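Enquirer: Residue numbers (my numbering), protein chains in the order written: chain A, 1247 to 1584; chain B, 1247 to 1584; chain C, 1247 to 1584; chain D, 1247 to 1584.
Careful: at least some of the hints might be erroneous.
If the Cβ cut is set under 10 angstroms, some of the chain A residues that face chain B in the computed set are [claimed, not checked]:
#1 1403
#2 1459
#3 1494
Keep in mind that the hints were calculated from the coordinates and are not lab data.
Please read these numbers as outputs of a predicted model, since none were measured by experiment.
We treat Cβ as the ideally placed atom computed from N, Cα and C, and that holds for glycine.
Protein chains: 4
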Amino acid sequence: MDLELLEQAARRRLDAAFYDYIAGGSEDEETLVDNAAAWSRMRLRPKVLRDVDRVDLSTTALGAPVASPIGVAPMAMQHRACEDGPVATARAAAATGSLLVFGLFGAGSAGGVAEVESTAPRWLQVYVLKDRARSAAAIARSVEEGYAALVLTVDVVRQGNRRRDARNRWVFLREGDEAEEDPNELFDRSLTFDDIAWFRERAGVPLVIKGVMRGDDAAACVDAGAAAVIVSNHGGRQLDGAAATADVLREVVEAVGDRGEVYVDGGIRRGQHVLKALALGARGVMLGRPVMWGLAAGGRLGAQAVLRGFQQELERAMALSGVRSVPEIGPDLLHERG
Amino acid sequence: MDLELLEQAARRRLDAAFYDYIAGGSEDEETLVDNAAAWSRMRLRPKVLRDVDRVDLSTTALGAPVASPIGVAPMAMQHRACEDGPVATARAAAATGSLLVFGLFGAGSAGGVAEVESTAPRWLQVYVLKDRARSAAAIARSVEEGYAALVLTVDVVRQGNRRRDARNRWVFLREGDEAEEDPNELFDRSLTFDDIAWFRERAGVPLVIKGVMRGDDAAACVDAGAAAVIVSNHGGRQLDGAAATADVLREVVEAVGDRGEVYVDGGIRRGQHVLKALALGARGVMLGRPVMWGLAAGGRLGAQAVLRGFQQELERAMALSGVRSVPEIGPDLLHERG
Amino acid sequence: MDLELLEQAARRRLDAAFYDYIAGGSEDEETLVDNAAAWSRMRLRPKVLRDVDRVDLSTTALGAPVASPIGVAPMAMQHRACEDGPVATARAAAATGSLLVFGLFGAGSAGGVAEVESTAPRWLQVYVLKDRARSAAAIARSVEEGYAALVLTVDVVRQGNRRRDARNRWVFLREGDEAEEDPNELFDRSLTFDDIAWFRERAGVPLVIKGVMRGDDAAACVDAGAAAVIVSNHGGRQLDGAAATADVLREVVEAVGDRGEVYVDGGIRRGQHVLKALALGARGVMLGRPVMWGLAAGGRLGAQAVLRGFQQELERAMALSGVRSVPEIGPDLLHERG
Amino acid sequence: MDLELLEQAARRRLDAAFYDYIAGGSEDEETLVDNAAAWSRMRLRPKVLRDVDRVDLSTTALGAPVASPIGVAPMAMQHRACEDGPVATARAAAATGSLLVFGLFGAGSAGGVAEVESTAPRWLQVYVLKDRARSAAAIARSVEEGYAALVLTVDVVRQGNRRRDARNRWVFLREGDEAEEDPNELFDRSLTFDDIAWFRERAGVPLVIKGVMRGDDAAACVDAGAAAVIVSNHGGRQLDGAAATADVLREVVEAVGDRGEVYVDGGIRRGQHVLKALALGARGVMLGRPVMWGLAAGGRLGAQAVLRGFQQELERAMALSGVRSVPEIGPDLLHERG
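With the sequences and hints as input, model every part of the structure.
Expert: Structure, rendered in C-alpha cells:
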C-alpha cells in the first residue's frame, strides 16, 4: 500500500471542493501540518536480536479483542467518497479485524452499518445535540444495534474556521446528506464534565470522550466515569494552533494512568507512527483521512487495503524494532534528542 | 474575514511603493518575519467540557470597558490607504467597541477623529518633539478632545533602515501629508525615564509607553508613573534583529506585575494569536497592518470587517479552548514543547 | 575527489531503477536524510598551533593495522555497478590500505575477493540463514579464505519498505545475481543474543554485530562475546524513523566502553564527518554508497579515488583541527550548541 | 549603503571564477552559511528612554583610538577586485578611521599601503613561512613601516577544500599576483604556541593570533604573550563543519578575560551583527567580503561606502538599543530564547 499514490488517486476521483473539505484544516493549517510533523520528529531506537520470527499485533479495545491497535476514526460524508460509504468502511474494518468508530452526525441513523458482521468491536460516535431527548433516542436505538461503546466528541463547540471551504464556497450539505442543519445551532455547546454521568447512565455501555488534549481534562473525564479518552484535535480542523496530538499524548497517558484507556488520532500516516503512539502509551490509534482516500480510490477494497497496509507496516516496524507483541512496546523505543 | 484575501485586495489597490512602505520592515526584515512566526511557534492546550455556549470577549482598557481585548494600533499615512482614513478607522473602532490608539504624527492635529462618537476609549499616541512646547500644546489640545490616555512611542530615536523604501526611492511625504519634516530631526532623541513625569503632569490622563521590549524597562516605566506599557518593536520597522514581541511578552508581564497593564502588537494575524497573547498575560493586543489592509480594501467597512473578524476568531478560539471570558484565559493554555 | 560529481556520473551510467535501489531508503526516507543531516548538524571546535606538519591517519581494526579509519561497508549488487564489482572494490581497498567488509549475501560464494592481495584486513559479512547448516558451511569456507572477522548483520529481520523500488517495480534479482530467493523467507528472523556464541564457535575469528542502534543492545553483544559492533540503520533502508546513527553513536560507545570496538556507517559523505564520528568515539567508519558511486563511475579506479579522497579529506580535517593522529581525536572537538 | 545591491554590482564586474573564489567557502559551505546564520539567530533586547541623541562609536584597538569597532580583515587578491586594491582599501580605512589589517601573503611586500596617511592603526597580517628567515625579514621591514601590531594567521596549515574553485578550475595565481607558490608548500605547518615568543621578540609590536576558535586555545595564546586573538574560521574557507564564529565568541571572551582583546570576523553583514558581537564581548569586528564587494563595485569610494555604511548602521542599532557608547554595550542586550 502506497498511501500517497492512493491519495492522488482519490484526489483525481473526488470533486475538488470535497477533496479540500477532507484534506484541509482550519485557518493556517498549522495544526494539520504539525500533527503529521510531530510523528516524524520523533525517532526510534530499534532493538535487535529479539527473535521476531512471529510478531503478534493483536490487542484489545475496552476489553474486546482486535486484530491490531489500528482502528477507524469517525468520519462524516463517507457516502461522498463512495456510495454506501459507511457500510463499505464497516466491511473493511470487519475484514481486517479493526475497531470501527462509526460517526452518527447530528440526529441521523446508524444505517446499515450495524448489519455488517464483525468479530471486532464497533463504537458509536455522537455529537451531543441541544435537544437532549433526540440524543438520548439516537443513543438508545444505536446501542440496541450492538455498539460496544459510546464516543462523545467534545471539540466541536464551535465550527472550525476552514478557509479552504470558505474559498471554495463549498456548500456543506447536499441532498442525501444527513441533515441540513447548522452544526453551530444543532450541537450542545454547554456540555461539561457533569454531563458525562448523564450519558453514561443512558448509554449502558462504556463512555469514551474524544477531543481531549490535556492531562487534567483526561483525568477529569475518567473521574467522571469515562472508560477511555481519544487524544484528538479533530485532525487540525477545529482550533488552529492547537498542539499536535503526538506532543500531548504522553501527558494524557500519565494523567490517566491505569484508570482508563487512551487512544489517539491525527497525522498518523505510517506503521512507524502507530509504533511511536504505542510507545508513548496509547492503547490504539485511529485513522481518518487514510481510510477516506482508500474509500474514494477503491471503495470497500480500497479502505481494506489501507487498513491491511497499516497492519503490515506496523508488523514490519515492530519486527525491525525488536518487539514481538503490543505489550512489549515501551517508551524506551523513543529516542530523546540531546 | 479572510485576511490574506483582504491583503491581496489592498495590494492591488495601493501604489506598489506605498504597499511596500506599509508591509515592509527594516533591513533584512528578520524581526518583521519573526514577529508573526513567534505566535505561530506557540501551541495551545485547549480545554473541553467547559460550557462555552456563551463566550464573553469584553474587558477593560485602563478601566474603560471595551468590547474585546483587540484594539487598533497607531498608524501613519492612513489617508493614503483611503480618503478620510483616520476617521474611517475611528468609526470602525467605534462600531466594534474597540480601543483606538490614534497616532498624532509630528505636530499635526487630531482632525475629525475626536468627533466620531464611541463608547470605547480612545488613546492619543504622540512622538515627543525636540520642541517640547509644541508637544505640550498638541497634547493639551488633544486631551481636551477626550482622549483617555496619552501614548508615548519611544522606539523612534532613529528612523529604521527600511530597504524596500530605499529601493523604491519612496518619497516619504507628499502634498497633503502631515508635515515635510525629517523624523530624525523632528523627534526628541534624548528622552529618558525622567521625562515621563513631565508628560504625566501635562497630560492629565494616564500615560502609556509604547515600544518597551524588556522587563527592566517596563518596570522603570511603571516606577516613573506610566499606567501601562505596549510591548512593541514597531512592527519590525525599527531595530532589525530585535526579538519578536511574543518572545519578550512574558518577561514584561512578570516585571510589571499588578502595577500596570501590558499590551502587545506585532505579527498578530489571527484570533488564536490574540488568545496566546492574553495567555502570556497581555491585557490586550493592537492591530496595525490588518486594519490598514481593511481600510485600503474597503474603507471604513473594510476596517470594521477586520476588527469584527478578529473578534469572531477570538470568540471561536476561546470557545474551542474552553474559556468563557477574558479573565479565564491563563498561561496553562500554552503548551511548553518538551 | 568531488563526491557529488561522481554520484552524478554514476547516475548517468546506471539503470534508473538500479540507481534508485542504491540511493533510496525506506518509506519516507526520513532516516536516510537524517543520517547525513545529523553529521552536518554537528559543529567542530578546531584547535590551532599544534604542529600538524605530518598527520598520521593509521589505526587498527580489531588489532590489524589499517591505513586509515575509513573502511568499506558490505554492499549487495556490486556487479551491477561494474563488472567484477566485488573484486574491483577489494582491489580499491587493498590499494588504499582500507578495511574491507565483504558481504556474502544469502548463501553465495565469496568469489575472487579472497585472491586479492592486501595488507589491510578483510571481514566477511553474512546474513544468518534459516538453514543454519548452509550458514555454517559458508562461514567455514570463507574463514579458510582468510577473513579476519565475521560480521553478522542483524537488522534485516524484515525487508524494508522501499517505495522507490515498489514504484519502479524493480525486480530485485536478475540472471547472474546471487540467488533468486526472497530475503524474508531466506533469512533467520529468530536470531537472539544467545546465537552469537554459536557463531563465535564456528567462526574461529572475532565476531562483529552490524545494525546495533542502542547502548543496551551493544552491551549485550559484547557480553555475548562480540568483539565489535557496527552502529548502523542499514543506510536508512530498513526501519524508517530510526534515529540517525550519528545521534546514537555516543550512547553505544559509552555502553561498550573498553570491552569492544565501535564502528559506524550511514550518511558519511566528507572527511569532516569521519572526524566527527571518531570524536564521538568510533574506532572507524564504513562507506557504502560513496564506494558504489565510485565503482559505477570508474570501476576499481573510481572506488579507489573515493577511498583516497576520503583519506585526503580526513587528513586535511585533522590538520585543520589540530590533531596529528587518530588517538588525539577526542570529544572536545565537538561543539555543544548552547 | 545596500550591501546586497553592492554585491550584485561587484558580481557583474568580476570574473565569475574570481567572484566564486571570494564568495565561496570550503566543501559544502556549511560553515560559510552558518557564520552569517548565527548572527541572525541571535535576537536583541533593545532598551528605551536612554537619551541617545548622540551615540559615540569610538573605541580603541590595542590602545590606539579608532573611529568605530569596525575594522578591515586581511584579504588576498585585492588587486583583482580593483587596480591598486590594497592602497584603495587603506585609503578607505583611513578616511573612516577604521583599523586596517593588511595581509602580507607569502613573502611579498607591503607595497604602498604604508604610505597612506591614517590616524587609525594598521596591523600587519602574515602567514608563517617554512623559511623562517624570510618571515623575519618581511616582518622587520614591515614593522619599520609603522604597523602597530603583527597578526599571525594560524588556520591555514592546510589549504581548504574549495569545491567552487576546483569546479571552476580556477588558476589560483596569475601574472602580477604575489607569488606562484603552493600555500601547502610555502607555509609552516609545524607552528605551535612556543613559536609565539619567537615572533613576539622579532616583531617589537604586540602580537595578535588570528584563527582561534576555542577558549583553551585563546587562553594559551595570551599565556604565550599574544595581546589579542581574532576569532575566525577564515570566513568558512578552511575547515568546513567548524562552528560559526558567533557561536564560540562568548567562550573565547570568557577564557581570555582581561588579559587580552578579542576580535571576530565571519558573516558580519549588518550593523546589528556588530552590536551582537560587541554584546558577546568582542573588542571589535573585521569585515572581509563586504569590503571586497565595495572595492569591486566602486574602488576606494566603494570600500569607503561600505565602512561608512556599517558605521551608520551600528550607530542606528546602538541608538535603537539604548546604548550611547561602546562601553555601554553588554550581554544583557542579547535575548536568550526560552
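Enquirer: Could you run down the list of hints and mark each one as holding or not?
Expert: Against the structure, the hints come out as follows:
1. At a threshold of 10 angstroms, the smallest CB-CB gap from residue 1403 of chain A to chain B is about 5 angstroms, leaving the interface hint in force.
2. Contact between residue 1459 of chain A and chain B, as hinted, is supported at the beta carbon level, the nearest pair being about 5 angstroms apart and thus within 10 angstroms.
3. Because the smallest distance between the Cβ of residue 1494 of chain A and any Cβ of chain B comes to about 7 angstroms, under 10 angstroms, the interface hint for this residue holds.
Comparing the model with each earlier hint shows no violations; every hint is respected.
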